[in-house]
Amino acid sequence: MLDKIIETFKFLAIEVRAQTRLTSELLDDFSEELFDKLASKDDHIDNLKAIVENECFSQIHGTEVIDSKEVNDIRAIHVICVNLERIADFCVNAANQMQYLTDNDFIHDYDYKSMFTEIRQGLSKVILVFQSKDLGAAIDICRAEYNLDRMYKENFDRMMALLEKGKNTGNLVTVIFIFRYLERIGDSLLNIGEALIFSIIGDRIKIRQIEALEKTLSESGFDGTLADIDFSTIWGSRSGCRISKVDNKSPSGFKAQGIFKEGDRTKVKKEKENIVKWDEIQPNLAPKVFGYYERKDKASLLVEFFPGCTLQETLLSQGDEIAQNALFILDQTIEEIWEKTKKPNSIKTDYMSQLSSRLDQVIKVHPGFYRHRKDISGFQILSTRRLIIRCGEIENQLEAPFTVFIHGDFNVNNIYYDNDLQRVNYIDLYRSADFDYIQDASVFLVSNFRLPVTERRLRNRLNSASAHFFHAFKKFAETNNDTSFEIRMALALARSFYTSSRFEMNIIFAKEMYLRAQYLLEKVAGHGGKPWEDFKLPQQLLFL
Amino acid sequence: MAESDNFEFESYQDTQTIQEYLQSLVDGFSSGQISLNSERDNIILHPRGLVQLTIRARKKGDDNRLSVKMSWKDSKVEQVGSLSITT
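Sequences listed follow chains A and B, in order. Start counting the first sequence at 1; every next residue gets the next number (this note's numbering). Start counting the second sequence at 1; every next residue gets the next number (this note's numbering).
FYI, nobody ran anything at the bench for these hints, they're computed from the structure. Think of the CB as a built atom: it goes at the ideal place given N, C-alpha and C, for glycine as much as any other residue. Some clues are possibly wrong.
With beta-carbon atoms standing in for the labels, derived distance ranges [stated by the list, open to error]:
id, chain 1, residue 1, chain 2, residue 2, range
1, A, S58, B, D5, 27 to 37 Å
2, A, A467, B, S11, 37 to 47 Å
3, A, R373, B, L50, 32 to 42 Å
4, A, D331, B, T17, 45 to 55 Å
5, B, G61, A, N54, 56 to 66 Å
6, B, D27, A, I281, 40 to 50 Å
7, A, E339, B, D5, 55 to 65 Å
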């Protein structure tokens with residue numbers, strides 16, 4: 001069945017290429033006869049595209065079992081054919097403009113021929129690349145868009161300069177329209193190139209990201225080509241960064257597995273800088289940086305991939321012994337890092353402003369997760385917003401007595417455990433900074449709580465992990481004479497419970513977190529005026 | 001359809017605060033008026049006369065439940081007064 005689709009797809013590619021040639025000839029020497037030929041061919045191209053489209057959809061939704069590779073091919077063919085047909089439309093549109101020229105030779109002053117050469121070169125590779133899966137050649141097709149943009153700009157600037165002189169304005173505007181269609185053909189070629197990349201690597205990776213990966217790999221000392229790279233598991237987009245796992249295909253290729261991140265420059269750069277800091281604090285804790293590359297407001301980073309499991313996977317799928325080992329080693333690692341990086345400067349925390357800034361996002365997901373002011377026969381209940389303000393005022397009077405170097409997003413997904421090496425690793429480090437250790441401690445406890453587990457045995461395991469770590473954090477506080485530990489922890493937990501509810505679609509579970517957050521806020525607000533060290537956090541809130 | 005006003009409040013509380021909530025209801029029963037107000041809903045109840053009281057408790061493993069339900073009808077004495085019976 002795929003053969004039939006490919007057959008039609010080939011015809012379409014050939015017809016569209018012929019159409020671009022015909023258009024170029026028409027611009028050289030316009031004739032009605034040639035234009036009619038072009039228009040009639042366009043109907044044929046529309047039909048071919050409709051046939052491919054029908055075949056693609058019936059294949060994907062048919063009864064025949066097709067593997068993911070074939071599905072990727074079909075998806076790519078569909079995108080390519082839609083764009084091929086669009087190119088044919090642009091050809092007709094461009095040619096149609098010729099009737100508005102008072103002098104057909106007027107266009108000959110501008111270099112449309114080079115643009116057509118670029119277009120035809122791109123189109124001539126489509127079928128070949130689809131069959132050979134040559135990534136480099138797919139990237140070349142994408143680059144045709146850059147070249148066409150550049151050529152368009154050169155011609156456009158010349159035309160604008162003449163327009164400003166006020167002569168031949170009608171003809172100049174018409175020619176601008178024609179060149180604009182040629183430039184838009186470039187956009188379609190880029191879509192075609194990216195669809196081909198998708199059919200090769202199985203991921204919707206943009207040419208910009210491919211180039212960033214190339215540069216990042218070359219920074220890392222990798223001297224092979226992209227063909228040596230295997231893009232396997234795609235981890236999707238997190239925190240606005242595209243994350244892919246990169247592996248070596250050939251033994252001579254890239255030596256280690258890596259995680260490729262590409263995204264906002266500030267974030268990616270911060271992560272790289274933090275990795276360097278982590279390495280000084282605790283070697284082998286953060287991933288090694290293989291390569292880094294910056295371009296305008298984007299940056300990319302290739303870092304070491306840890307072969308173990310995340311702590312989440314360890315807790316949910318490993319036996320008791322391994323899970324216990326993981327928690328024991330994590331406990332030791334945390335204590336060691338906190339002791340090592342402790343600085344005696346007190347610091348203000350911002351848990352309530354973190355909560356305020358995300359409150360609307362929570363309400364958007366769960367509209368009922370907001371309490372309006374209430375009065376039960378004289379018993380006053382504050383609205384959620386009022387409660388947050390009141391707690392913010394209390395938080396303002398508090399200080400963390402010292403700082404440690406925190407992870408910054410210390411949830412169980414960002415911690416790896418390797419049982420063979422008996423080692424934990426931290427990932428996603430762009431938020432690391434000197435701050436209150438309770439920031440990490442509270443995020444960790446709530447990330448443990450919010451794992452979607454109802455099975456009693458696993459839930460008990462999570463509960464006992466939370467109990468263990470809460471005691472460890474409390475002991476650290478006592479050892480370091482941190483007397484406001486429990487009230488700061490209450491504020492930070494309230495923040496995490498409340499904001500985490502927006503990621504939970506199970507309304508009963510989400511409500512558990514929301515109500516716990518409300519309770520903590522009320523408890524802190526009710527404590528105003530009393531000594532901070534007297535505040536007692538009910539540990540029961542950490543368990544389900 | 002009869003008009004219906006509702007007031008709902010759901011929360012976690014410790015046993016000390018529960019007593020404060022219950023006390024405010026007890027005070028309401030004493031004064032003959034329980035007001036339940038929020039930015040959206042306002043209800044004033046006047047418990048008097050016969051009040052049906054249902055207390056239910058359940059214990060299942062770790063889960064405990066105690067529900068106390070009180071219901072009554074507003075008195076209609078004035079309406080009854082319009083009927084005269086002679087012997």
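Results for each hint:
Between A:S58 and B:D5 the C-beta distance comes to about 57 Å, which lies outside the given range of 27 to 37 Å. For the hinted restraint 37 to 47 Å between A:A467 and B:S11, the CB-CB distance of approximately 24 Å leaves it violated. The hinted window of 32 to 42 Å between A:R373 and B:L50 holds, with their beta carbons roughly 34 Å apart. In this structure the supplied range 45 to 55 Å is violated for A:D331 paired with B:T17, their Cβ-Cβ distance being about 34 Å.
Between B:G61 and A:N54 the beta carbon distance is about 58 Å. The supplied range of 56 to 66 Å therefore holds. For the hinted restraint 40 to 50 Å between B:D27 and A:I281, the CB-CB distance of approximately 58 Å leaves it violated. As the Cβ distance of A:E339 to B:D5 is approximately 59 Å, the hint placing it in 55 to 65 Å holds.
Violated hints, in rising order: 1, 2, 4, 6; the structure is consistent with all others.
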